[in-house]
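Q: Sequence:
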Amino acid sequence: MFFPLPISTSFSFLCLLLLHRLLLHSYIFSSPLSLPQPVFPTVNLLDSKASQGELRWLSYPLHGWEEISGVDEHYTPIRTFQVCNVMEFSQNNWLRTNWISRRSAVKIYVELKFTLRDCNSIPLVLGTCKETFNLWYLETEEREQESRFREHQFSKIDTIAADESFTQMDLGDRILKLNTEVREVGPMSKKGFYLAFQDVGACVALVSVRVYFKMCPLIVRNLASFPETVPTDSQSLVEVRGSCVNHSKEEESPRMYCSTEGEWLVPIGKCLCNPGYEERASACQMCRPGFYKSAVGNAECSKCPPHSVSHHEGALSCACEKNYFRADEDPASMACTRPPSAPRNVISVINETSVILDWSWPEDTGGRRDLFFTVLCKRCVGGVLRCEPCRSNVRFLPWAAGLRNTTVTVTDLLAHTNYTFEVEAQNGVSGMAVAMRQYAVVSITTNQAAPSPVTVIRKESTSRNSISLSWLEPERPNGIILDYEVKYYEKQEQETSYTILRAKGCNVTLSGLKADTAYLLQIRARTAAGYGASSRSFEFETSPDSAFSMSSENSQVVLIAVSSAVAIILLIVLLYVVISRFCCHSKSKHPDEKRHFGNGHLRLPGIRTYVDPHTYEDPSQAVHEFAKELDASCIAIDKVVGAGEFGEVCSGRLKLPSKKEMCVAIKTLKAGYTDKQRREFLAEASIMGQFDHPNIIRLEGVVTRSKPVMIVTEYMENGSLDSFLRKHDAQFTGIQLVGMLRGIASGMKYLSDMGYVHRDLAARNILVNSNLVCKVSDFGLSRVLEDDPEAAYTTRGGKIPIRWTAPEAIAYRKFTSSSDAWSYGILLWEVMSYGERPYWEMSNQDVIKAVDEGYRLPPPMDCPAALYQLMLDCWQKERNNRPKFEHIVSILDKLIRNPGTLKITANTTSRPTNQLLEQSTSEATSWDTVGDWMDGMRTLPCKEAFSGVCYSSCDTMPKTSTEHRDFQVLLSNPCPEFRAF
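The sequence shown maps to residues -30 to -1, 1 to 951 in mature numbering (1 follows the signal peptide of the UniProt record, and there is no 0).
Derived by calculation from the structure, the hints in this document are not laboratory data.
Just so you know, these numbers come straight off a predicted model, no measurement behind them.
The C-beta atom is built at its ideal place from N, Cα and C for all residues, glycine as well.
Accuracy of the hints is not assured; some may be wrong.
Stated by the list, open to error - Here are the in silico distance ranges between beta carbons for each label pair:
hint : residue 1 : residue 2 : range
1    : GLU687    : ARG361    : 53 to 63 angstroms
2    : GLU687    : GLU209    : 50 to 60 angstroms
3    : SER125    : GLU687    : 55 to 65 angstroms
4    : THR379    : THR425    : 13 to 23 angstroms
5    : ARG314    : LYS629    : 51 to 61 angstroms
6    : LYS219    : LEU188    : 17 to 27 angstroms
7    : GLN591    : PRO276    : 24 to 34 angstroms
8    : THR379    : VAL536    : 49 to 59 angstroms
9    : PRO869    : LYS219    : 47 to 57 angstroms
10   : THR479    : SER330    : 52 to 62 angstroms
11   : VAL536    : LYS629    : 45 to 55 angstroms
12   : SER740    : ARG225    : 24 to 34 angstroms
Stated by the list, open to error - Using 27 angstroms as the maximum straight-line C-alpha spacing, the simulated DSS-like pairs for lysine-lysine come out as follows:
hint : residue 1 : residue 2
13   : LYS474    : LYS429
14   : LYS484    : LYS457
15   : LYS630    : LYS677
16   : LYS126    : LYS83
17   : LYS474    : LYS461
Throw the hints in and build the complete structure from the sequences for me.
A: Next up, the structure:
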């Protein structure tokens, strides 16, 4: 409805409105628009500013929104829509865009740039003036008829208000304020949509409309290409798998996440350039000539090392120049080298049948440091041209090949013989260039030499006054032996008076000797060069001067006969004693009785005793006695899982003939090991090979006859117990934990029964298989401690684990099964705390001091009281008061049979004290009779063990304890009240 105005008033307002439009038109089309660019990549679906012609948007009703055209300072057409019907009531002017294809967008953005007139600056407004307009949208699968418009089909997006509005003063100064508003629409599912602008009485000019969606652009990151990606929704990131660029391969699967703002986030994984390619400009490009790259990676191509070259692109290595070589084990980065020149200044020093050769280093080493020398010996007859290799018994000291020094001694040569020695310097490429090898040659003639000593003399026969002897020719006669000199004398005379005989052959009879007398004898051989050295002194005796004397042969026969008769008599007596004792023993002993040995351990007959492999002079003898030698071809190494003290620890497979393939763990001895390291490495296998128990790691065998040296054990899928517990914190029941502890205690009982002390019992040295079976491993610290000032902390196997070691073992090096029991208590604490570090961040010195002053670890959270009491028992300062492993197994078996006892938890609010112990002791002393004591016990947590048990006096307890199992269980149960009594 319109209200009539005076002609002068209506005319004035229309002039003002026309002036407003002209000024607005002049501002828009004369001032360049500096529109801010989006931060992230976008894809435009509609941009009214970019349109070259009329937009032809639907205006309803027709006299509402008006399309105005113009040009900017670049003479580019710009289309705007304006409406300003503020002089009329009930305005409802709609402007609808053409149909917009959604493409792949799920969420779209609408950016509006507009100006809006302040209602207070418009004079004489009779209608309804607004300072806002509404934004609507309609999703459709297809275009609708352009002339059709149904208002009720649209959904409202938002009401748009201006941050800055202009006034009449602004119109006078031609300063109009442009507003920018962005609204989000979505998620959308249909093929396209319409936008609509509703004016309800505002004076507004819509300068530009841009509809767009955001997307993550095509990008190459870490040599992986990620395609253009449109976010799917506004709540989550889109994971996109990248593909490696050409000439590269995945090291780890490349992935990135596309955010809703079109930004790539969280790059994971990468690709590596193939050999012969390097990373340049986010791509893998071939190495240039003169460069190479031998391995996968993103390192740059390397320049060819000296004396090598590459003539083509993409070289994996550089070829050596002529007369230069590279050994198989040389890396591609090493310069090409050549064989060394011949040694210089070879000097020979002859000593009879020995010669000392000495030389200087070659002038040219070939560019390598792995230089060694080889000496070749030739025996020449009739000149240098007729030479043959020396005899095999010629000795080289230290050896003939692989010499690292420049001297060698050659012995056991023939006397007065011509020899030629070739001394060659070699390095790692000498075998590849045989034609270039050079020798230094020296020829010598040995001197005439006396024969070597006689080493073997045999006694043929003996009588009262003579001895017949024979001997073997010297090992090195060094010529024709002319005769032998035999020198003998009485032992008591000490060579003050001796006799010499000469023999042509290798036997002699010494006559005119005294009966029953000891003689010493020496023999030496003579050649044209003279006498050789005398043999060592041999002692012989003549027969005694007696009527019953006889020859040596007869005396031996008689001695054998007498000895046999005595042996038969002794054997009959021994069998009689053994049979009689066995019968008595069978009658007196119970069939199921076990044997007790003096060391306090309860053992079954047939239990083996541990043998320390360090008592063997040769470690190979020990390892082959206790471990099975495996063929290296039966072992396949899959991957490296860790590093040990002497080498790598791997997982692999073992396939023995006629047996099923099994997974194994493999310890290898690293290259360049010393003899000491090899002994220590094999000692662990010698120890493990002696054990056969389900809770001890099983040794499958060793490889010592090929390299690398390996120890092969069963494979434990879950690794060490400490890391396994930390990974599965609070995921096991109390019974499961006690079951693990029971297995460890059973394994330690087995070791204790064998007389073996572990010395490093801790959760890190317990391995867990897929069935949660725990097995004791790592026998590296089972060594004898060294005698030095630091030995309280250091063993031949490494550092003493202070936090797990008993006080007497730290202070006095007293390692026993009782010290292992202390360590078991610490291990028990580790298990119940799920792998927490004992004593936390305290230093080793603080731990030693605190434990010595009586401090003990507090109970872990929710630790059963019975298990914490077992810990305190294991941590008794007096080692004889600690429980044996047999007792520990019994306690844990009781807890497993009575799981309800695990529900009583220890108090963790304060440090453990002995108040309960003292209180129980004082109460026990106040009981006058056993009955009173029993009544008192029935009021304590141990009363279940006394149910149905009746004792008339203290004298009946020991007897009853062997008959009533509940009392035996009580004795093994960690009950402080009972122990106090």
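Q: Under the constraints set out in the numbered hints, which ones does this structure not fulfil?
A: Violated hints: 2 and 7; rest satisfied.
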